[in-house]
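Sequence order for the protein chains is L, B and R. Counting in numbering that gives the first Met the number 0, the first sequence runs from 0 upward without gaps. Counting in numbering that gives the first Met the number 0, the second sequence runs from 0 upward without gaps. Counting in numbering that gives the first Met the number 0, the third sequence runs from 0 upward without gaps.
You may find that some hints are simply not true.
No distinction is drawn between identical chains; accordingly, a pair holds when it is met within one copy or between any pair of copies.
What the hints assert, rightly or not - Here are the computed lysine-lysine pairs in the BS3-like style, where the Cα-Cα straight-line distance is at most 25 Å:
#, residue 1, residue 2
1, LYS188, LYS336
2, LYS287, LYS323
3, LYS323, LYS336
4, LYS336, LYS325
5, LYS325, LYS188
6, LYS333, LYS188
7, LYS323, LYS333
Hints were generated in silico from the structure; no laboratory data involved.
Spelled out from the first residue to the last, the chains are:
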Amino acid sequence: MQELAEACGGEVVGEPRTRIHGVGTLEHAVTGELTFLTNSLYRDQLQGTRASAVILGPEDRDATQLPRIVSANPYACYALVAQRLFPLPEVVPGIHPSAVIDPAAQVSHEASIGPHTTVGSGAIIGPGVVIGPGCSVGERVVLEAGARLYPRVVIYPDCRIGPRSILHAGVVIGADGFGMARGAEGWIKIPQVGRVIIGADVEIGANTTVDRGAIEDTVIEDGVKLDNQIQIAHNCRVGAHTVIAGCTGISGSTRIGRNCRIGGGVGMVGHLEICDGVTVSGFSLITKSITRPGVYTSSIPSQPHRQWMETLANLRALPQWTQKLKMLEAQLKKNSKEEE
Amino acid sequence: MQELAEACGGEVVGEPRTRIHGVGTLEHAVTGELTFLTNSLYRDQLQGTRASAVILGPEDRDATQLPRIVSANPYACYALVAQRLFPLPEVVPGIHPSAVIDPAAQVSHEASIGPHTTVGSGAIIGPGVVIGPGCSVGERVVLEAGARLYPRVVIYPDCRIGPRSILHAGVVIGADGFGMARGAEGWIKIPQVGRVIIGADVEIGANTTVDRGAIEDTVIEDGVKLDNQIQIAHNCRVGAHTVIAGCTGISGSTRIGRNCRIGGGVGMVGHLEICDGVTVSGFSLITKSITRPGVYTSSIPSQPHRQWMETLANLRALPQWTQKLKMLEAQLKKNSKEEE
Amino acid sequence: MQELAEACGGEVVGEPRTRIHGVGTLEHAVTGELTFLTNSLYRDQLQGTRASAVILGPEDRDATQLPRIVSANPYACYALVAQRLFPLPEVVPGIHPSAVIDPAAQVSHEASIGPHTTVGSGAIIGPGVVIGPGCSVGERVVLEAGARLYPRVVIYPDCRIGPRSILHAGVVIGADGFGMARGAEGWIKIPQVGRVIIGADVEIGANTTVDRGAIEDTVIEDGVKLDNQIQIAHNCRVGAHTVIAGCTGISGSTRIGRNCRIGGGVGMVGHLEICDGVTVSGFSLITKSITRPGVYTSSIPSQPHRQWMETLANLRALPQWTQKLKMLEAQLKKNSKEEE
Numbered sequence: 000m001q002e003l004a005e006a007c008g009g010e011v012v013g014e015p016r017t018r019i020h021g022v023g024t025l026e027h028a029v030t031g032e033l034t035f036l037t038n039s040l041y042r043d044q045l046q047g048t049r050a051s052a053v054i055l056g057p058e059d060r061d062a063t064q065l066p067r068i069v070s071a072n073p074y075a076c077y078a079l080v081a082q083r084l085f086p087l088p089e090v091v092p093g094i095h096p097s098a099v100i101d102p103a104a105q106v107s108h109e110a111s112i113g114p115h116t117t118v119g120s121g122a123i124i125g126p127g128v129v130i131g132p133g134c135s136v137g138e139r140v141v142l143e144a145g146a147r148l149y150p151r152v153v154i155y156p157d158c159r160i161g162p163r164s165i166l167h168a169g170v171v172i173g174a175d176g177f178g179m180a181r182g183a184e185g186w187i188k189i190p191q192v193g194r195v196i197i198g199a200d201v202e203i204g205a206n207t208t209v210d211r212g213a214i215e216d217t218v219i220e221d222g223v224k225l226d227n228q229i230q231i232a233h234n235c236r237v238g239a240h241t242v243i244a245g246c247t248g249i250s251g252s253t254r255i256g257r258n259c260r261i262g263g264g265v266g267m268v269g270h271l272e273i274c275d276g277v278t279v280s281g282f283s284l285i286t287k288s289i290t291r292p293g294v295y296t297s298s299i300p301s302q303p304h305r306q307w308m309e310t311l312a313n314l315r316a317l318p319q320w321t322q323k324l325k326m327l328e329a330q331l332k333k334n335s336k337e338e339e
Numbered sequence: 000m001q002e003l004a005e006a007c008g009g010e011v012v013g014e015p016r017t018r019i020h021g022v023g024t025l026e027h028a029v030t031g032e033l034t035f036l037t038n039s040l041y042r043d044q045l046q047g048t049r050a051s052a053v054i055l056g057p058e059d060r061d062a063t064q065l066p067r068i069v070s071a072n073p074y075a076c077y078a079l080v081a082q083r084l085f086p087l088p089e090v091v092p093g094i095h096p097s098a099v100i101d102p103a104a105q106v107s108h109e110a111s112i113g114p115h116t117t118v119g120s121g122a123i124i125g126p127g128v129v130i131g132p133g134c135s136v137g138e139r140v141v142l143e144a145g146a147r148l149y150p151r152v153v154i155y156p157d158c159r160i161g162p163r164s165i166l167h168a169g170v171v172i173g174a175d176g177f178g179m180a181r182g183a184e185g186w187i188k189i190p191q192v193g194r195v196i197i198g199a200d201v202e203i204g205a206n207t208t209v210d211r212g213a214i215e216d217t218v219i220e221d222g223v224k225l226d227n228q229i230q231i232a233h234n235c236r237v238g239a240h241t242v243i244a245g246c247t248g249i250s251g252s253t254r255i256g257r258n259c260r261i262g263g264g265v266g267m268v269g270h271l272e273i274c275d276g277v278t279v280s281g282f283s284l285i286t287k288s289i290t291r292p293g294v295y296t297s298s299i300p301s302q303p304h305r306q307w308m309e310t311l312a313n314l315r316a317l318p319q320w321t322q323k324l325k326m327l328e329a330q331l332k333k334n335s336k337e338e339e
Numbered sequence: 000m001q002e003l004a005e006a007c008g009g010e011v012v013g014e015p016r017t018r019i020h021g022v023g024t025l026e027h028a029v030t031g032e033l034t035f036l037t038n039s040l041y042r043d044q045l046q047g048t049r050a051s052a053v054i055l056g057p058e059d060r061d062a063t064q065l066p067r068i069v070s071a072n073p074y075a076c077y078a079l080v081a082q083r084l085f086p087l088p089e090v091v092p093g094i095h096p097s098a099v100i101d102p103a104a105q106v107s108h109e110a111s112i113g114p115h116t117t118v119g120s121g122a123i124i125g126p127g128v129v130i131g132p133g134c135s136v137g138e139r140v141v142l143e144a145g146a147r148l149y150p151r152v153v154i155y156p157d158c159r160i161g162p163r164s165i166l167h168a169g170v171v172i173g174a175d176g177f178g179m180a181r182g183a184e185g186w187i188k189i190p191q192v193g194r195v196i197i198g199a200d201v202e203i204g205a206n207t208t209v210d211r212g213a214i215e216d217t218v219i220e221d222g223v224k225l226d227n228q229i230q231i232a233h234n235c236r237v238g239a240h241t242v243i244a245g246c247t248g249i250s251g252s253t254r255i256g257r258n259c260r261i262g263g264g265v266g267m268v269g270h271l272e273i274c275d276g277v278t279v280s281g282f283s284l285i286t287k288s289i290t291r292p293g294v295y296t297s298s299i300p301s302q303p304h305r306q307w308m309e310t311l312a313n314l315r316a317l318p319q320w321t322q323k324l325k326m327l328e329a330q331l332k333k334n335s336k337e338e339e
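Turn these sequences into a full structure, and let the hints guide you.
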């Protein structure tokens with residue numbers, strides 16, 4: 000346990016040689032597993048846990064007799080300890096014989112390329128890069144050191160993926176943005192000649208798509224985390240360390256600041272500027288630029304159907320009600336005057 | 000037709016030797032095709048149909064002279080008859096030479112594995128399993144008997160797919176859940192060490208994603224049907240025979256009961272408990288646990304733009320109006336008193 | 000520049016031999032690049048541009064001294080000029096040796112098929128078709144002349160893709176629609192025996208899905224443009240030249256007219272008829288058929304969280320308020336009568 004505590008700079012209280020081989024929740028951990036308490040609300044569960052050790056904050060230091068790691072940020076400590084316990088499989092360098100690598104691509108001899116993957120001409124694959132089976136890496140794509148592509152990732156030509164960034168299965172980077180002009184006989188496609196530039200330590204969830212810029216680049220800055228099924232349209236910029244939850248769609252040319260937290264199922268219209276430190280509640284719609292940090296919301300929680308239908312009918316009738324209210328107000332004023 | 004009727008236990012009325020080779024709608028079916036009437040509202044269309052036979056309920060038994068199959072559940076009867084008419088292509092066992100199967104995987108000699116598919120070490124592929132082209136089956140994945148993967152499905156290591164379950168193209172099972180802790184310099188990834196466990200007779204639509212658990216497993220129980228483009232986050236559980244329509248997102252650790260019907264474009268926040276038998280209307284948001292079966296809704300149907308803009312302006316002005324209403328009420332009370 | 004102007008039938012004003020090798024925005028273009036002004040609002044930026052030439056409308060003809068192309072539709076002109084400047088890579092006919100082509104497929108000798116792609120029995124691949132790496136083209140699929148599939152596209156059996164249509168990475172065409180009947184012991188799958196028929200000059204964005212019809216076909220007409228992450232359910236028809244933005248979901252059997260503009264994150268319930276020329280605002284829900292062209296909306300823009308919570312509380316209280324309003328009204332009437 001001592002060694003694990005060092006992973007996060009935590010303090011060991013109790014037997015430092017406690018053997019830990021896995022992790023578990025407070026409720027379900029068993030002997031040999033480490034658990035964590037990040038919210039004093041769950042202190043009760045701590046009493047019943049069968050875990051062999053626990054990570055907790057200084058305020059809960061004496062809430063258990065178990066061997067423990069005390070950390071000012073127990074959740075971050077857990078993250079680092081779990082990384083130590085469950086290291087990624089070691090990179091076995093080499094190119095699977097079924098992969099199709101263009102002779103004009105540069106592949107580090109410390110990179111690993113899986114079966115049925117294609118790498119286009121002029122691509123540069125850095126050391127420690129892992130490309131899973133069935134990926135398509137376009138011409139002149141750059142994958143920096145330690146980038147990791149899970150199976151079936153597609154990267155269109157000319158895009159760049161920063162060091163240590165992780166792209167999950169089904170991600171598509173650099174497809175054409177949705178750009179067209181109306182001509183006399185239909186829509187005319189506007190060539191999308193920008194790229195997608197992804198920074199360091201970014202993680203992108205399964206089946207998320209990030210479109211290439213129309214003229215300039217779409218940019219995902221360092222440390223951004225995107226969940227699954229997200230759509231980032233052309234020319235967007237997502238600021239460093241911003242996180243976006245699943246199923247959210249960001250329309251073209253919108254720029255999101257740093258350290259924002261965007262909920263799931265959110266929509267943003269195009270051409271907005273969202274400042275740093277903005278939180279958007281899940282299922283909300285952003286239609287204007289935001290210049291002040293804070294929480295923004297427009298979502299409506301469900302009600303039992305009939306109740307909601309009544310609310311909805313009243314909502315639709317609002318223009319009439321406010322009209323009626325104005326009339327009542329006027330009448331009351333008139334009555335008052337008459338009485339005077 | 001007799002043989003088809005047996006597929007669903009229906010009663011044949013009229014010529015049992017009527018030859019049927021296909022299916023059609025009441026409106027467009029032609030000679031040799033079977034159609035169905037599941038709603039007496041469409042009884043009029045029955046008169047004009049050119050179908051050679053029809054499936055219908057006992058209440059419509061005499062509504063046509065056509066050869067017919069009478070069933071208490073005509074829609075289910077149609078489903079079974081159509082399955083008989085359009086059987087899945089027979090499984091041709093064998094492994095395509097371009098597939099890359101780890102020597103430590105166990106593949107049933109009654110399974111079929113398509114071109115450019117990879118199967119990892121320790122995976123177990125049961126009899127009657129069909130894996131389409133370009134799939135990626137991770138280490139130690141178990142595909143039980145008769146499971147069917149359409150092209151380009153990705154299953155991350157250690158997940159299980161139950162017997163006869165169907166995964167459509169582009170599905171990703173077991174990608175990392177969206178888990179991270181905030182550290183001093185950015186987000187720290189929390190290893191996602193749970194699995195995805197999928198039961199029997201589940202069907203999952205194209206490009207849907209189900210994330211692996213953070214610590215424990217994400218579970219999709221028997222008979223669940225998921226439409227396309229759905230996101231199921233880590234640690235969720237979806238109860239048996241629940242159906243979820245397209246584009247819906249379920250946040251982490253939410254547990255949905257059995258026999259629920261979740262509409263399309265729905266959102267659910269995390270850590271909820273939804274009881275059995277709940278229906279959620281499309282485009283609604285669930286933010287609290289639900290303990291009673293019934294229909295829950297928060298969606299707003301569109302209006303012509305100007306009308307909606309007026310409603311919306313009134314909605315935003317509500318706090319002022321309710322203020323004003325209170326004042327009127329108070330004034331009226333005061334007036335009444337003065338008169339006394 | 001003269002040659003570029005001819006691409007769009009524009010008039011050259013200034014030096015026709017100006018050399019252009021790229022495009023840029025008004026703000027960031029540099030020497031050798033062409034820019035465009037499509038909105039007189041940005042005329043100020045025109046003064047500072049370092050572009051070598053500009054496309055603009057007749058009303059802005061004299062707003063700059065730069066060499067320029069004057070066009071009645073400057074945006075469409077830009078589109079055509081950019082297509083001239085950035086032609087698609089030439090099709091290099093041939094079949095990559097790692098592709099698996101069924102002997103009973105017909106592949107034009109002018110088509111190009113990438114690595115690790117499979118083409119099923121009876122498929123017909125027209126001249127000028129380009130299929131990227133890792134695609135799966137099912138049995139009897141028809142790809143008409145000049146169709147283009149980016150990597151990892153899946154087309155299920157029997158579907159048709161019209162001439163010059165473009166399918167981006169991760170698109171899935173023809174997966175089973177979400178059809179099932181409730182039986183005594185769970186859901187019974189209804190075989191989906193229709194096809195997907197896609198017209199000419201259609202473009203479909205990354206990871207979008209279009210399901211095959213249950214009995215008849217799902218149809219995407221000529222010139223339709225679908226953005227990323229869209230779900231089109233079974234039996235839908237999308238009329239010619241309609242555009243749909245990202246993350247939108249269309250439920251089964253809904254028919255959308257021609258020249259509609261559907262925003263992002265929109266939902267439509269099933270079995271609707273939407274007439275030609277309808278615009279739906281982003282994030283809106285359509286629950287009824289629409290018979291008049293125009294703009295339809297139900298989306299609510301976000302507010303600061305507390306403000307929205309107050310609005311929401313008032314919304315929920317509406318039934319009570321309208322009740323109260325009715326009582327006030329009645330009382331006022333009573334008062335008036337008493338005074339008489």
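Against the structure, the hints come out as follows:
In this assembly of identical chains, LYS188 and LYS336 lie within 25 Å of each other by CA distance neither inside one copy nor across copies; the values are 67 Å within and 70 Å between. Taking the shortest alpha-carbon separations for LYS287 and LYS323, neither the intra-copy value of 32 Å nor the inter-copy value of 29 Å comes in at or below 25 Å. Taking the shortest Cα distances, LYS323 and LYS336 sit within 25 Å of each other both inside one copy (20 Å) and across copies (19 Å). Taking the shortest Cα distances, LYS336 and LYS325 sit within 25 Å of each other both inside one copy (17 Å) and across copies (20 Å).
Proximity of LYS325 and LYS188 under a CA criterion of 25 Å is satisfied in neither setting, with 52 Å inside one chain copy and 57 Å between copies. Proximity of LYS333 and LYS188 under a CA criterion of 25 Å is satisfied in neither setting, with 63 Å inside one chain copy and 68 Å between copies. Taking the closest pair of Cα atoms, LYS323 and LYS333 come within 25 Å of each other both inside a single copy (15 Å) and across two copies (17 Å).
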